[in-house]
Every structure is written in structure tokens, then in C-alpha cells.
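Going by the working numbering, the sequence shown wraps up at 532, each residue one higher than the last.
Hints were generated in silico from the structure; no laboratory data involved. Note that CB positions come from ideal geometry on N, CA and C, so glycine has one too. One should not assume that every hint holds.
Said to hold, decoys possible - Cβ pair distances, simulated, as ranges:
#1 His-482 with Pro-329: 17 to 25 angstroms
#2 Val-30 with Val-423: 51 to 59 angstroms
#3 Asp-450 with Asp-83: 48 to 56 angstroms
#4 Arg-278 with Lys-453: 56 to 64 angstroms
#5 Glu-470 with Ala-281: 49 to 57 angstroms
#6 Trp-121 with Ala-401: 35 to 43 angstroms
#7 Glu-150 with Pro-449: 57 to 65 angstroms
#8 Ser-131 with Glu-351: 31 to 39 angstroms
#9 Pro-123 with Lys-453: 52 to 60 angstroms
#10 Gly-505 with Asp-194: 52 to 60 angstroms
#11 Asp-262 with Asp-194: 25 to 33 angstroms
#12 Ser-52 with Gly-328: 35 to 43 angstroms
#13 Arg-278 with Asp-310: 17 to 25 angstroms
#14 Glu-235 with Met-177: 28 to 36 angstroms
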Amino acid sequence: MATSGPGATNLVTPLADAYMDSIPIVAITGQVESPKMGTDAFQEADIRGITMPITKHSYLVEDADDIPRVIAEAFHVASTGRPGPVLVDISKSALTGQATFSWPPTLRLPGYSVPGRPSPSSVARAAGLISEATRPILYVGGGVIRARASDGLRQLADMTGIPVVTTLTARGAFPDSHPLHLGMPGMHGTVAAVAGLQRSDLIIALGARFDDRVTGEPRSFAPGARVVHADIDAAEIGKNRAVDVPIVGDCNDVIEDLVRELATRSTPDLDPWRAFLKSVACRYPLGYSDPDEEGLAPQYVLERLGVLAGPGAIFVAGVGQHQMWAQQFIPYEQPSTWLSSAGLGTMGFSVPAAMGAKLGRPDATVWSVDGDGCFQMTNQELATCALEGMPIKVAVINNESLGMVRQQQSLYFGGRVNNISLQRAGSQHFPDFAKLAEALGCVGLMCDAAREVDNVIDEAMKIHDRPVVIDFRVSREAMVWPSIAAGASNDDLQYAENLAPVFDEDDLGMEFAL
Numbered sequence: 019m020a021t022s023g024p025g026a027t028n029l030v031t032p033l034a035d036a037y038m039d040s041i042p043i044v045a046i047t048g049q050v051e052s053p054k055m056g057t058d059a060f061q062e063a064d065i066r067g068i069t070m071p072i073t074k075h076s077y078l079v080e081d082a083d084d085i086p087r088v089i090a091e092a093f094h095v096a097s098t099g100r101p102g103p104v105l106v107d108i109s110k111s112a113l114t115g116q117a118t119f120s121w122p123p124t125l126r127l128p129g130y131s132v133p134g135r136p137s138p139s140s141v142a143r144a145a146g147l148i149s150e151a152t153r154p155i156l157y158v159g160g161g162v163i164r165a166r167a168s169d170g171l172r173q174l175a176d177m178t179g180i181p182v183v184t185t186l187t188a189r190g191a192f193p194d195s196h197p198l199h200l201g202m203p204g205m206h207g208t209v210a211a212v213a214g215l216q217r218s219d220l221i222i223a224l225g226a227r228f229d230d231r232v233t234g235e236p237r238s239f240a241p242g243a244r245v246v247h248a249d250i251d252a253a254e255i256g257k258n259r260a261v262d263v264p265i266v267g268d269c270n271d272v273i274e275d276l277v278r279e280l281a282t283r284s285t286p287d288l289d290p291w292r293a294f295l296k297s298v299a300c301r302y303p304l305g306y307s308d309p310d311e312e313g314l315a316p317q318y319v320l321e322r323l324g325v326l327a328g329p330g331a332i333f334v335a336g337v338g339q340h341q342m343w344a345q346q347f348i349p350y351e352q353p354s355t356w357l358s359s360a361g362l363g364t365m366g367f368s369v370p371a372a373m374g375a376k377l378g379r380p381d382a383t384v385w386s387v388d389g390d391g392c393f394q395m396t397n398q399e400l401a402t403c404a405l406e407g408m409p410i411k412v413a414v415i416n417n418e419s420l421g422m423v424r425q426q427q428s429l430y431f432g433g434r435v436n437n438i439s440l441q442r443a444g445s446q447h448f449p450d451f452a453k454l455a456e457a458l459g460c461v462g463l464m465c466d467a468a469r470e471v472d473n474v475i476d477e478a479m480k481i482h483d484r485p486v487v488i489d490f491r492v493s494r495e496a497m498v499w500p501s502i503a504a505g506a507s508n509d510d511l512q513y514a515e516n517l518a519p520v521f522d523e524d525d526l527g528m529e530f531a532l
């Protein structure tokens, strides 16, 4: 809920974030009195027009009698089909008017419908391709999380033996510990996950949208693969990649129907394909080096945080290097234990989103994993946490810079690094995040040595009555690997700095050369 004008416009970024990541939100904003609309009245803003491209639907209410019906419709539209944000803008004259309350017994929304069961013929065609493929891959997106289809996904993978990759929004949809899981694909994905897509002969995309961060340069993406694409939003199918079999429907329904259909069919021997991908994973594991200079390895911090917090904890990341390290080095075994801004990539996401996660799951341990750049955008919300009793825990991966921007400048712009330092000239560690946390009613801790990481995390885990902030002072030089330059082909993936791309004729995948 937000006031008119600046209150409403402050919702633009979160609404765009929710729209990109298919998150159901109902936003209620105030508007000036109906007679003053269009006169540039004090704090007037056409928030409905401003947000039209980034909302699933929007309303302007000028009559108090319409409020119950519109609110009922807004929640229905936001939460059904492909979830998304709905804006309800209510004029001051409606808000201060009088009405007879009447909740609508039924909703009449001409032109709005939710997809039914998937087409049986499409499911049968998909099952036919799966039963013929020798190098299939399950490409799993956030739609599987939204559809609560994780159990069905595991059943499908176990039945077929098809390897699985999970996108940034799908981390936790399939257990990291499962032998068929290859990790996240794309720009900073695992080499095995990228290889699984690039060398596949069939991609079964479930609730994924072939985002550019996954595909890289689209013309060179998985050139030998046919595609089965299942999504609840028909507009996504074929938008970024030509599709052989489209399936429109809820991912849970699609997976159930595929399992039923495949139970009547035989499938090829996938042992050679799985062995190849296992060899890639063994040859190119995720890893890191300890920093040469003083400071912590950020990967080590997150690795230990994942172990000590356990699989039941919820991790909420901001955007940047810490986000990628958090999805790489924290294991995710359960759905909805990982939250981050994906499609919009919004810095400052972590602390407010962690507050929401704690309110939704008050018994769970909620860790906000933030960078020092992101944290300085929204850390004031810790005061709300302290006042309202939301004891989240914050791990600030503090490298005193906008690390991902520095990495991009270093690697792809000739090392011309500028406007990325968050360190005050002549001093170190400014601001002092532990002291800032104390000023906001939280417990503030600091760690700058590997030998103290476990102790400080244990100390934070024992505090349940207030928010806790740990300032992990990590190396400035650490980079996220593997990496693919924006807009480059996935074939140009680099495993580490100063190494040639791994996808060449002398190295990876000769058994499945195209």
C-alpha cells in the first residue's frame, strides 16, 4: 500500500521486479480526488499509466461501491494463471466516500481465463520425443516452483534418468545432492549444466523462458536440440526459441501427464550421456582459491553459511557477485528456500525480501545474503525489523566495491575500472556496518579471518530476539567463475581467468560433437 504521487512511484521498481519473476502482488495506491485528476494536483501521478507495461492488470477506482469487487478481482488475477502484480489505484474521493459493503459471490472477468489441463496430444508428442532422445536435458525454471511441482519433477527425473538443470529462480526445485542435478546453467552456471544444454539433442523446458542469461547468443544455443516447451503462459512459448512441441498448462499438471504417458513407453539407454556429463562435472567443478592478500574468500563464507544454517534455512540474495556465489556454494535441497531478483536484477532486494520471507515463514531461519553495495540501498529497513519483531540475519559480503561491475570492467573493458569503489580514500571499511546495525536496533558483528567464520555464524544463529548483521570483510579481487560475456555464445564459457573457453574440439565433448 502506498500514498499517491511519490509513494506510488516508489512501487515502480518492485512491481517491475514482480512482473519479471512472476510474483503475485496486489498493490493498492492512493490517488487524488476524482475532480482533480488531470489537473496536476498536489502529489498527482498517473500510476496506472506509468505501470501498465509492468503489471498483469491495473484498475482505477473512483466509486467506493466498486472497491470490494475490484479487490476480489485483483487478488484472483494476481494469483491465478501465470502469477504477477496487479495495481489498484483508488481516488481519495472513493476512499473517503461511503458504500454498502458487498463481496462479489462470483467473479466475471470477460477475456481472462486460466489454462486448463495440458493437451493430451501435445503431451503424447512430447513423450514420443523423450522416448527417442539419447541426450535429453530437463531445463527447469521458476514456473516449477510457482506450480509447487518439485515432487513431480523428482519423480519424472527418477523415472527417466534425464539430467536436470535449474535456473536462478528454480534453485531448490530439484535437490542439489541428487546425482542427476547439474546445477544452474548460463552466464555463471556450472560447466556441466552449460554442457548439458549445448550438447543436448532434446530440451524439455518446464516453466522456463529461455532467458538471455541462460542462452547467451541465441543462434549458437543448443544447436542440435529439439525443444519441448511447457509453460502456463502461451506467450512465452516460441518467443525466444523455436519449439517442436508446445504444451500450455500448469507445470504440475504437465509433469503429472508426462509421467503417466512415459510409464507406457520405453526410453533409450542414457548411461553414456550421464557418464559424459559426470566426467565434465568432475573435470570442471565449482571451486575457488584463497586470496593472496589479507581478507576472506567470499565463497568460503557462503559455503560455511550453507553448512551451518542447514537445508531448512531460507536464503535471500541481493544482486551481484554475492548473488552468484550464494547460488553456487550454498546447497539447496528444498523448494522456496532461495529467493532473489532474477529477471530485473534489482540491487537492494535482499533485506526487504528477507523481511517478507520471515513474515511468511516465522519459524524458519532467514538469511539475507547481501553485498555492501546492495546493503547500502535498503539497510534502513532493519529499523522496521527491530521495531516489528522480524529477527532476520544478514551476511554482508563486503568487498568495498560494486564487485560485479568491477569484474565486467576488468575482464571485458580492458581493465578500465572506474566508479565502483565503495571505500573512502585514506580509510578502511567505511561505513562500519556493525556499528550501523547497532544504531538500527540490531546486533552487529564483524569477521575478517577464516578461522572466525564458523564462530561468528554460530553466534548469530543463537540470537532470536533481534536482527543480526555480520560484516564479512572479504577479498576485493575475487571473481565469479565460470563466466560468459554478455551476448557471447555459451561455447565461449570460461572456467577461470586466463583460460581458453572449455568448449573446443581439443577439450570438451568429443563423444557428442555436433
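Verification of the hints:
no., hint, verdict
1, His-482 with Pro-329: 17 to 25 angstroms, "holds, 19 angstroms"
2, Val-30 with Val-423: 51 to 59 angstroms, "violated, 23 angstroms"
3, Asp-450 with Asp-83: 48 to 56 angstroms, "holds, 55 angstroms"
4, Arg-278 with Lys-453: 56 to 64 angstroms, "holds, 59 angstroms"
5, Glu-470 with Ala-281: 49 to 57 angstroms, "holds, 53 angstroms"
6, Trp-121 with Ala-401: 35 to 43 angstroms, "holds, 36 angstroms"
7, Glu-150 with Pro-449: 57 to 65 angstroms, "holds, 60 angstroms"
8, Ser-131 with Glu-351: 31 to 39 angstroms, "holds, 36 angstroms"
9, Pro-123 with Lys-453: 52 to 60 angstroms, "holds, 56 angstroms"
10, Gly-505 with Asp-194: 52 to 60 angstroms, "violated, 29 angstroms"
11, Asp-262 with Asp-194: 25 to 33 angstroms, "holds, 30 angstroms"
12, Ser-52 with Gly-328: 35 to 43 angstroms, "violated, 54 angstroms"
13, Arg-278 with Asp-310: 17 to 25 angstroms, "violated, 56 angstroms"
14, Glu-235 with Met-177: 28 to 36 angstroms, "holds, 34 angstroms"
In this structure, the earlier hints numbered 2, 10, 12, 13 are contradicted, and the remaining ones agree with it.
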